[in-house]
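Participant: The listed protein sequences derive, respectively, from chains C, P and E. Numbered per my numbering, the first sequence finishes at 583, counting up by one with no gaps. Numbered per my numbering, the second sequence finishes at 302, counting up by one with no gaps. Numbered per my numbering, the third sequence finishes at 468, counting up by one with no gaps.
Since the hints were made in silico from the structure, they are not lab data. There could be a bad hint or two in this list.
Each computed DSSO-like pair below joins lysine-lysine, with the alpha-carbon atoms no more than 30 Å apart [what the hints assert, rightly or not]:
{"id": "1", "chain 1": "P", "residue 1": "K44", "chain 2": "E", "residue 2": "K427"}
{"id": "2", "chain 1": "C", "residue 1": "K252", "chain 2": "P", "residue 2": "K291"}
{"id": "3", "chain 1": "C", "residue 1": "K134", "chain 2": "C", "residue 2": "K169"}
{"id": "4", "chain 1": "P", "residue 1": "K290", "chain 2": "C", "residue 2": "K400"}
{"id": "5", "chain 1": "C", "residue 1": "K400", "chain 2": "P", "residue 2": "K291"}
{"id": "6", "chain 1": "E", "residue 1": "K407", "chain 2": "E", "residue 2": "K452"}
{"id": "7", "chain 1": "E", "residue 1": "K427", "chain 2": "E", "residue 2": "K407"}
{"id": "8", "chain 1": "P", "residue 1": "K280", "chain 2": "C", "residue 2": "K252"}
{"id": "9", "chain 1": "C", "residue 1": "K252", "chain 2": "P", "residue 2": "K288"}
{"id": "10", "chain 1": "P", "residue 1": "K40", "chain 2": "E", "residue 2": "K364"}
{"id": "11", "chain 1": "E", "residue 1": "K421", "chain 2": "E", "residue 2": "K345"}
{"id": "12", "chain 1": "C", "residue 1": "K252", "chain 2": "P", "residue 2": "K290"}
{"id": "13", "chain 1": "P", "residue 1": "K40", "chain 2": "E", "residue 2": "K427"}
{"id": "14", "chain 1": "C", "residue 1": "K453", "chain 2": "P", "residue 2": "K40"}
{"id": "15", "chain 1": "C", "residue 1": "K202", "chain 2": "C", "residue 2": "K12"}
{"id": "16", "chain 1": "E", "residue 1": "K345", "chain 2": "P", "residue 2": "K44"}
{"id": "17", "chain 1": "C", "residue 1": "K169", "chain 2": "C", "residue 2": "K130"}
{"id": "18", "chain 1": "C", "residue 1": "K400", "chain 2": "P", "residue 2": "K173"}
{"id": "19", "chain 1": "E", "residue 1": "K364", "chain 2": "E", "residue 2": "K345"}
{"id": "20", "chain 1": "P", "residue 1": "K290", "chain 2": "C", "residue 2": "K457"}
{"id": "21", "chain 1": "P", "residue 1": "K280", "chain 2": "C", "residue 2": "K453"}
{"id": "22", "chain 1": "C", "residue 1": "K170", "chain 2": "C", "residue 2": "K202"}
{"id": "23", "chain 1": "C", "residue 1": "K134", "chain 2": "C", "residue 2": "K166"}
{"id": "24", "chain 1": "P", "residue 1": "K291", "chain 2": "C", "residue 2": "K170"}
{"id": "25", "chain 1": "P", "residue 1": "K291", "chain 2": "C", "residue 2": "K169"}
{"id": "26", "chain 1": "P", "residue 1": "K40", "chain 2": "C", "residue 2": "K400"}
{"id": "27", "chain 1": "P", "residue 1": "K291", "chain 2": "C", "residue 2": "K166"}
{"id": "28", "chain 1": "C", "residue 1": "K68", "chain 2": "C", "residue 2": "K12"}
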Amino acid sequence: MSKPKEKTKESISIAITGSGGAGVMTAGTLLLEVAAQAGWYGLMVRSSGPQIRGGEAAALMRFSKSPVECLDDRFDVLIGIDWQNIHRFADEIPLDATSVMIGDPDQSEPPEVFVKRGAHYAPLPFKQMAKSLPGSWPNMIALGVAAGLAGLPVDSIKAVLQKSLKKGGGEKMAANIAAAEAGYAFAEGVPSVPRLSGKLAAGKEARWLITGNQAAGYGAVRGGVRFCAAYPITPATEVLEWLAPALPKIGGALVQAEDELASINMIVGSSYGGVPSVTATAGPGLSLMTEAIGLAVAAEVPIVVIDVMRGGPSTGIPAKSEQSDVNIAVNGLHGDAPRIVVAPNSIADCVSATQWAVYLAEAMQSPAIVLSDQYFGQTRAVVDPPADIGLVTERLKPAAGENGYLRYAITKSGISPMAIPGNPGTAYTADGLEHNERGLPSSQSGDHIKQLDKRAKKLDQFDYGARWADIEGEGDLAVVTFGSCTGAAREALARAAADGIKGRLVSLRLLAPSRPAQMAKALAGAKRVLVVEQNHTGQLYRYLRAEYDLPGTTRSFRHPGPLPMRPDEIHQQITEWSRS
Amino acid sequence: MSSPAAAAPITAQAFKSDYKPIWCPGCGDYSVLSSFTKAFAKLQLLPQDVAVVSGIGCSSRIPAYTTCYGFHGVHGRSLAAAAGLKLARPDLTVVVASGDGDGYSIGGNHFLHACRRNVDLTYVVMDNHVYGMTKGQPSPTTEPDWDSKLSPGGTGLRTFNPLVIALAAGANFVARAFAGDPNGTADLIAEAISTPGFSFVEILSPCITFRPEQREWKQMVRPAAVTYTNDAARAARRIMTDDGMNIGVLYKGERKPYQPPIGKGKKNPSDLETEFAL
Amino acid sequence: MSTKKSVKKATKKPVKKAVKRPVKKTVRKTAAAPAPKRAAAKSVPVASNAEFMAHAYAMEAEAAERYAEFADSMEVHNNLEVAELFRKLARIEQIHADQILDQMGWKHSPLSSVNVRWEGMEGPETADPTELHYLMQPYHALQIALLNEKRARDFFANLAKVTKDPGVRKGALEMEEDEAEHVRLIEEWLKRTPKPDANWHADQDPPVLSD
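Looking at chain C on its own, in the form it has when it is part of the complex (with noise of 0.2 Å):
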């Protein structure tokens, strides 16, 4: 591991963990508003055991001054308000020799492949601490120890507090103040963990807490999403349920269906009728919805579908992230089906790159896949709000009445007007079956090739702007990668920048259609080009030998979830590679 000392003065790491009823989550994600209230930025991913209740669990954090995308190779605290089974986190836990671990004695010793990494050890009796102060929870003094050992201001805590027990009433806010200071002033007998460098960043007050799931949600309904179809599905849920109570405030509505095959049918059905919408699933979901998606191609509907990916394949890991959807999500289609893939490459970029989706899918009467993960989905973070991307979703509609109506005319751009019911005179049927460009079914070969060709053209010439990828630096070495594994990409290449080795991120928001022209303008003169993600067979990197002339020699980096991708693994293959 290289010079972890000096590079996480910018950052640190806090994992709280515990078992069900310890309140992990709730000890996190108030950590992460105390952090917030003081002006920093920082993130919170979820980690836990597959139990509904009762299970083991783990708050992951990471804090700076400036935004943070992803954790860090490892903590600099290890919090165990209990230990039952948290030796099961330790790959998602790495800690070294100068670490610190907090756990309760009267429980259990600290596990033993935590304590063979050599981490310092501070006992603190959380139960009996809580115990002496009536109405408190141990979860308050983990939040108070996580914030005196990362330096952060006792009023901040008291703040978020006060704001967060105001439903609990006076006498448990009280006990749990206390309990938070207690376990403030316990931190301050640890052996100190590095301070944050830099400084502040101004418009502290602007920012938002947000999760990636609550992000796309907002980022559909900003692009003008009206109805949503809704099947539960983890880690995707939070998007619908975002979108449930959300929906109707703005004139719009989400029905829960009796399965995906349903859900996606529903969005296909009342984007036909001209408002625009959505859905959200998982792996699973997005296996059964491929039908459907393939007939919005054929038919020519507009839908945005939000897959937070997870483990695979089959039910795989439902709770835990993998960038392994990358294959259903380009070719999953049955027959020649083009289709728009969007990606967002930070939790903010959920809300722009979804809101991205809708507007792409409803200019181009096309469906968009967000190619969103849990790692996004359900971690919460302080981030600078997302700038409205300008662009105004709208459909290409005829005018009532128009003469000799064609729904699926040949055009110049493969964009042919899209009437909607209630419009007189421009009846249609919107159809799965291959069809002319009036819609009725045709299997004669002219009417087919026009319309792949139309249903191609329509997405391969449409202006994608600069949107379609971040490229960043420059140098022989390229890092080519999308999603979740683009933070620890930027840092990488951050710590390899310092070493000397110049480097350029190429962060790919539009998955497909594919951009040769604009791949091979931002690749040019590459000589090395280093493909970054987190699934076990490369599905990106497949796809990018299949679609691009990538320059030079080429190289997969890549390790399956649900471990995250991590800077400094990136960094230690640019390092190596930029010796040989």
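Chain C is fixed; fit chains P and E onto it per the hints.
Facilitator: Frame of chain C; chains P and E shown alone:
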């Protein structure tokens, strides 16, 4: 009889497109198409305000044969597409056309939940007890001993009783019709459209190609002996004890349709940002 | 003949006790086999000559529309000879319908076709769609037409017998005569038309898979 001086009303013909059906000559679905157009004319709807939604199969070819807005989706999912359309566009009259394979087999789950959800749709199933478009395989309503290449000697499975299932699942209007009676069927469809909530009309529609014996249906059907009830249990008993040939409205309930308000909320999306702001 | 209200009446009294027959599995080999007895010819008096003429119009128009549908269907199925014959029959029925409008000085019928109801399922001159076959020959089509003309003739004859309105009786008798003439014409036409072979329906190829 209306007065001769009245302005010419919208005729059934106005709902017929110039696109000619591919159904076999003699198919019952021709008559169902004519019942659709007659029902729309009877209600004096405008073609642009009606959407005909379907899945896959012989029956599902109907949308393009009308001058209404049509949606010919994937196999078995017509009810889902139609529910999405109606919920997003409550101003439209949405009629769903399906068959016994599309509606009761692959689309069975959606049938149950459409009845439960009680969206204001009219669901018309043309039941010929066979898969026609794939050349004659048994469907859920096919007799257990009906021989076919796919199920030699018959499936041995008891037949599905769609009307009773609809009642149990909560449909608000249940009727059985016969394709050979296009005027009566038009009346039933019109009544189904006029009844709020999920209305289910099962139409016996002969397949003269794979089930030529169904030509006999015209001698077998008869109007239901008693008028409809609003008691689902009584309706279920009647349906379960009849021979499947009683025609007419069999059940009419008073459940309120499911329709979340759409277009009511007046906030802007940016108003929602307050919940993220620190 | 009944007004639209009679449908309700009909639903209240079962027409006849239908018995579920054992299902025959044999493919029917003849198009245009004698149609079953239909209730259409069972008539009740109509109140006035205008009402009678409106129903007569509806009967002709419905027949014309059905033949036109048959023609379309035959055209789609590449049986152009029979399509042409049905087209001709549709034209003939439409002429009759238009003659009624002329005679009454109507622009269109005062009785909307969607509100016309017969005692049977369809009008007394409306052809039964299940009698079609894609390989049927003109002979079969004419048999269908003959049957319909006979039903129409009997219908008017019966109406003339039972009506109490002298105007209606006069009209019905005239119509009966017209229809009887059509029966004779079609019988003549049939004599000139070759009878199909026993194997007219043979098709060596199986049905085609569609969706």
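Participant: Each of the hints needs a verdict: does it hold here or not?
Facilitator: Hints and how they fare:
1. P:K44 - E:K427: Violated, because 41 Å separates the two Cα atoms, which is more than 30 Å.
2. C:K252 - P:K291: Status holds; Cα separation ~6 Å.
3. C:K134 - C:K169: The hint holds at about 22 Å.
4. P:K290 - C:K400: Holds, because 24 Å separates the two Cα atoms, which is no more than 30 Å.
5. C:K400 - P:K291: holds (26 Å)
6. E:K407 - E:K452: Since the Cα atoms of E:K407 and E:K452 sit roughly 20 Å apart, the hinted pair holds (cutoff 30 Å).
7. E:K427 - E:K407: holds (19 Å)
8. P:K280 - C:K252: Holds. P:K280 to C:K252 sits at ~23 Å (cutoff 30 Å).
9. C:K252 - P:K288: With a Cα-Cα distance of about 8 Å, the restraint between C:K252 and P:K288 holds, given a limit of 30 Å.
10. P:K40 - E:K364: Holds, because 22 Å separates the two Cα atoms, which is no more than 30 Å.
11. E:K421 - E:K345: violated (36 Å)
12. C:K252 - P:K290: Given pair C:K252, P:K290 holds - Cα atoms ~6 Å apart, limit 30 Å.
13. P:K40 - E:K427: violated (37 Å)
14. C:K453 - P:K40: Between C:K453 and P:K40 the Cα gap is close to 28 Å, so the pair holds against 30 Å.
15. C:K202 - C:K12: Since the Cα atoms of C:K202 and C:K12 sit roughly 12 Å apart, the hinted pair holds (cutoff 30 Å).
16. E:K345 - P:K44: At roughly 18 Å apart (the allowed maximum being 30 Å), P:K44 and E:K345 satisfy the hint.
17. C:K169 - C:K130: Judged against 30 Å, a Cα distance of about 24 Å means the pair holds.
18. C:K400 - P:K173: violated (48 Å)
19. E:K364 - E:K345: Holds, at about 24 Å.
20. P:K290 - C:K457: violated (38 Å)
21. P:K280 - C:K453: violated (47 Å)
22. C:K170 - C:K202: Outside the cut-off at roughly 35 Å; violated.
23. C:K134 - C:K166: holds (24 Å)
24. P:K291 - C:K170: holds (27 Å)
25. P:K291 - C:K169: At roughly 28 Å apart (the allowed maximum being 30 Å), C:K169 and P:K291 satisfy the hint.
26. P:K40 - C:K400: At roughly 24 Å apart (the allowed maximum being 30 Å), C:K400 and P:K40 satisfy the hint.
27. P:K291 - C:K166: The hint holds at about 26 Å.
28. C:K68 - C:K12: holds (10 Å)
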